[in-house]
Amino acid sequence: MKPYVSRRRATALGLAALSLAVTGMAVGSPASAFTLKGKPKIAFIYAAAINDGGWDESIDAARKKTAAALGLPIATSESIPEDATALRAAIDLYVKHGYNIIVGTSYGYSDALLKAAKDYPDVAFLGASGTTNASNLESFYPRTYQGWYLAGMAAGAVTKTNKLGMLGGYPVGVVNWDLNAFIRGAQAINPKAQVIGIYTNSWWDPVQEGKVAEAMLDQNADVIATDLSAASAPNAAEKRGAFAVGYQIDMKSYAPNGMLTSVVFKWENYLTPTIKAIIDGSWKPDPYGAFVSIKTHTVDLTPISDKVPPEVQAKIAAARAQIEAGTLTPFDGPVLKQDGSVAVAAGAKMTDDQLWSMDYFVQGAIGKMPAPQK
Amino acid sequence: MTEFLVTWLAGTPSYAMPLLLASLGLILSERAGVLNLSAEGIMAVGAMTAAVTTLLMGHPWLGLLAGAGAGIALSAVFGLAVVVFRVDQILAGLATVAIGIGITGVIGRPYVHQTVTGIDPVQLPVLSAIPVIGPVLFHQDPLFYLAVVLALMASWMLARTRFGLRWRAVGEDPAAADIAGVDVQVTQLLAVLASGALCGLAGGYLSVVSSQVWVEGMVAGRGWIAIGLVIFVRWSPVRAIFGALLFGGASALTPRLLATGANVPVYLMMMLPYLLTIAVLAIPAMFKLGRGPEPENLGTVYLRQDRR
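Each protein sequence line maps, in turn, to chains S and Y. So the first sequence is numbered by the numbering used here: it starts at 1 and just counts up by one. So the second sequence is numbered by the numbering used here: it starts at 375 and just counts up by one.
There may be inaccurate statements among the hints.
[Stated by the list, open to error] Away from chain Y, derived, C-beta distances all over 12 Å, residues of chain S:
id, residue
1, 158
2, 290
3, 303
4, 345
[Stated by the list, open to error] Here are the in silico distance ranges between beta carbons for each label pair:
id, chain 1, residue 1, chain 2, residue 2, range
5, Y, 503, S, 79, 26 to 34 Å
6, Y, 500, S, 65, 53 to 61 Å
7, Y, 431, S, 86, 36 to 44 Å
Worth flagging that the hints you see were computed from the coordinates, not collected in a lab. All C-beta atoms in this analysis are idealised placements derived from N, C-alpha and C, irrespective of residue type, glycine included.
So here's chain Y without its partners, still in its complex pose (with noise of 0.2 Å):
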């Protein structure tokens, strides 16, 4: 029982830390105000050019810098089509998922199937060792621990500084924002790149970091799960970390109840991550409770003319 315990809770950050990382990207896209539902499609280039660039270049890290780098740049063309010219947040979030699920078949082919050198987890000396704790906390992929640091540094960065405040007020109150001297379109358009960046490495992540190897289509709808993530954190960064870990905990906990022979209603376990993400939204309606953390002017287009 314990050993079904602590493998199960130490196979659960591979599972959680996709999901972390772009819904962290796709907070802080968030919170600037601007709906992102692009991140299926960058974390399939995301996804496809680390798997190249490592296959071509023998690095895996450089693969995963890649991967980052390929998500930024289509997240431009996304920030472009809604920062820049104002087209409707969720039509474009939507035609960037088919962009880049389109490309990564286009591109990627000649490279579909081929194993990919991989990153192993690092053991930290000593406190791997402990028992329980160990295998769990200090025998993990480092991209895991990256991942945590980066989520406390977003929830620092947006609590805590001038330039947090600022990229928040454009996300609460872009007209007001505009006002004090903050530049809107510069300030969401590092967002979506920022999220660009983090979408892209999860995707790297899953083709570099837990498979090994890239097919096409491989992200199997996780970057919809990171959308639904964000809601279920309410756009907070640190429970981001905890959502994530849910999820993940609850997606490894399928195959390894399945091993056991258990009769798991897997169907039910699928729709999961989604049931809770409409309980999550349900709820503050439900006991009116207000938007919470949700940006204020999440979803609409800041135009300076109809500032009001």
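Okay, chain S solo, but in the shape it has when bound (with noise of 0.2 Å):
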């Protein structure tokens, strides 16, 4: 029920995001859409059990509703471990059974869905927090930053101490970018606003999330958002009768006093309008990967909450459709590292390659991140 983006899945994207421009060209772009042959069947593959509470959850709950959408069934296979042999004796087997649309959900799937796109060219596959691209395939990750960035302005309105506290798993580019955004968000409506950054060195400690959130909240932190997937950061807030914001589902039911807004995945938005595109042969694959905007609503906010002033609820909806439409996004120049040094000149923009390998806090971080996760 409860999404996270898994330890091995997140180190890994971090890594391996650089990759993803340099895997697209090398395979090159398709020059023509891909056309499917006889009726779509479609399958979804998953590292891990279905119902793991997390990351495999949240994606088999996209494809309910994309099944729903498209009137077709979607055949799951669970467990499927991520190596290549495992994978490939899975794909075989729903090749052979004439399925001719397989979704891949888990990182360490990446090479493995790449051979097999060569080797199946009539087969499109689909690849969660993947990197690797080809005519047939499409690897695909919501920029979770934009989300990060309104949640922050909303928390940046309603504190009274001038100081958030965000915590993160591990230092690496998906999660630094989450805290990055957060804190100039927060700025973007209070200039004076500074945030706590406090990274738990786990993905699946609740105990130490709470504790973490509780000193922050000693440190008169009286926003308390939550990078991770427990609920003991926002019931830590709560108690103190502090606010939370929550992420990858709907965290109104952890502190549903102080519970500004969650950032969360909606997985389904993206896949589809995407497989009803593979279906109807008007698919062109993304050679460097779908990192698909707030636009698409596959990363998406829960209602704002109405202790965010009706003005500032204005501003960030207006921020809103300036993402949507391009013209803002939470990085424009200048940026400043919490040095003090320059990320993004002024008048400038953050590029993809830029955000992958985000290993600094900006200007407005309380604390030190820790050395890089390799």
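Starting from two chains that each stand alone, build the complex the way the hints lay out.
Here is the structure:
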């Protein structure tokens, strides 16, 4: 029910992210749209159990919605290990039975998916949080930092102490950009706002998450945002009458009074239109992978609490419209690193490469980012 | 500054608690000669069972009881292996860790991430209003007081009762205990079950009291730290109270310093318990201080026919 990004996936994501562009170019961009031969038969392949309470479960929730939207059954295989031979055996079996749209849901599938895509040019492949792309394979991940920027705006508006706290798992790109976007969002509304950023060095330690939140609250932080999946940090905030921001799923129930909003995944908003496009013959996989905007609602915000003043809500809505239109990005220059050096010059925009390799806090962060995980 | 100290010290017992309970259990087991490495797995089962029971029954205390019960059940498997079938204690302990973590994944999966009713700290009237000392000593989880009492009781039992003397005799020299008429196997089995109850309770504390949620793998190495703690405190239940507070205090300090923006060597802090443990292991050896209270027969299987 409650998604998270597994350690393996996220660490690897940050690492291999740069290879996105490289791999994409090596394979070359498709000249024409992909055409499906025969009737669409769709299968999803999961690396862990489907009801893992996390990542796989969140994608499977989307699978059900996509199946309903398309009016097609979708087959699933779970607990297929992330080694090439195991995945390949599953893919071979599906292809043999006439399946021609196959979705791999794990970062660790990237290379095997690429190989299968080359061997089965008539089958369409999609890879969640993958790093490989081809004329019949597209990897996808949403730009979560856009959601966190908007959530930061809400948090910056309600803080009385001008101190916020945000928890992350490991210092990898996909986590770092969430924290930095949250800081920049908060400062866009409240220039005095500062954010305590602490990494728990685990994806899995709800005990530590609660304790870290308490430590932040004891330092007078009055909004606790979590980039992790357990209830303990929002719970700790709620008990002290502080605000909270959730992640991955709607965490309102973890802090009924204080929850400002949650930055959530809605994978179906990528999967349904993409699979529709594959079926109707208009699909052109992005040679760099689908790094999709909040415009697609693949990452989204839950309705913002009425504790956020209406004029700020209007500003958040306006910022969202600008982000969707591409006129605003959370990391428009000037972006200064915590130590004062320039990350993005005034007037410039941050590139995707810079995003994936982000290994620093921006100004406004309290705390030091640990050495990056390799 | 005072406020920082008070909140830090007040936050320390909740870090120390699971370590104290688990290491207390391990001390009881090891004083009877059974080297017990299964804490991580037993705590995992305790955490899962306590959370699931609390979710289903709605009573956190019932959940903790169930966590202790589940700890006993899994440690019975370990005890059966090492005491009855005389399996190698190290291997059996490690296997029990794997079993424990595996079982929780299978059984607990439908309950993952569900918020559990917790147990709130008790505020002892009058006493908790004392500045500084009040919040630190008299505004804690009820289990904290229970754990301290249990540690004192265990210490008294081992040192001052005939039952405790037999318990230790089995750990020091099972052959002599056997000749004196002590049932070595029953004593060791009892010790293993006691450690299971305490480790299970420690796991239950993590899920029901500390985080009020269960997630696979949430014990996150605390069982191994408890094993280090046993060595660090040289198998003494009373010293375990202070050792646990020291380890807990160090872990409680890291996020608190980070939250002030201080530059803390995080990875070094995470290594600290293990470094201290190695130091405590090395120092007696370096200065030829002998084994001290380390049970003489720790880790070896007793077979009556091999008696000399």
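Here's how the hints hold up against the structure:
1. 158: holds, 19 Å
2. 290: For residue 290/S, whose nearest Cβ neighbour in chain Y is about 28 Å away, the distance exceeds 12 Å, so it holds.
3. 303: holds, 21 Å
4. 345: Residue 345/S clear of chain Y: closest Cβ-Cβ about 27 Å, beyond 12 Å.
5. 503/Y - 79/S: 26 to 34 Å: violated, 55 Å
6. 500/Y - 65/S: 53 to 61 Å: holds, 57 Å
7. 431/Y - 86/S: 36 to 44 Å: Check passed, 40 Å falls within 36 to 44 Å.
The structure fails to meet hint 5 from the earlier list, while all remaining hints are met.
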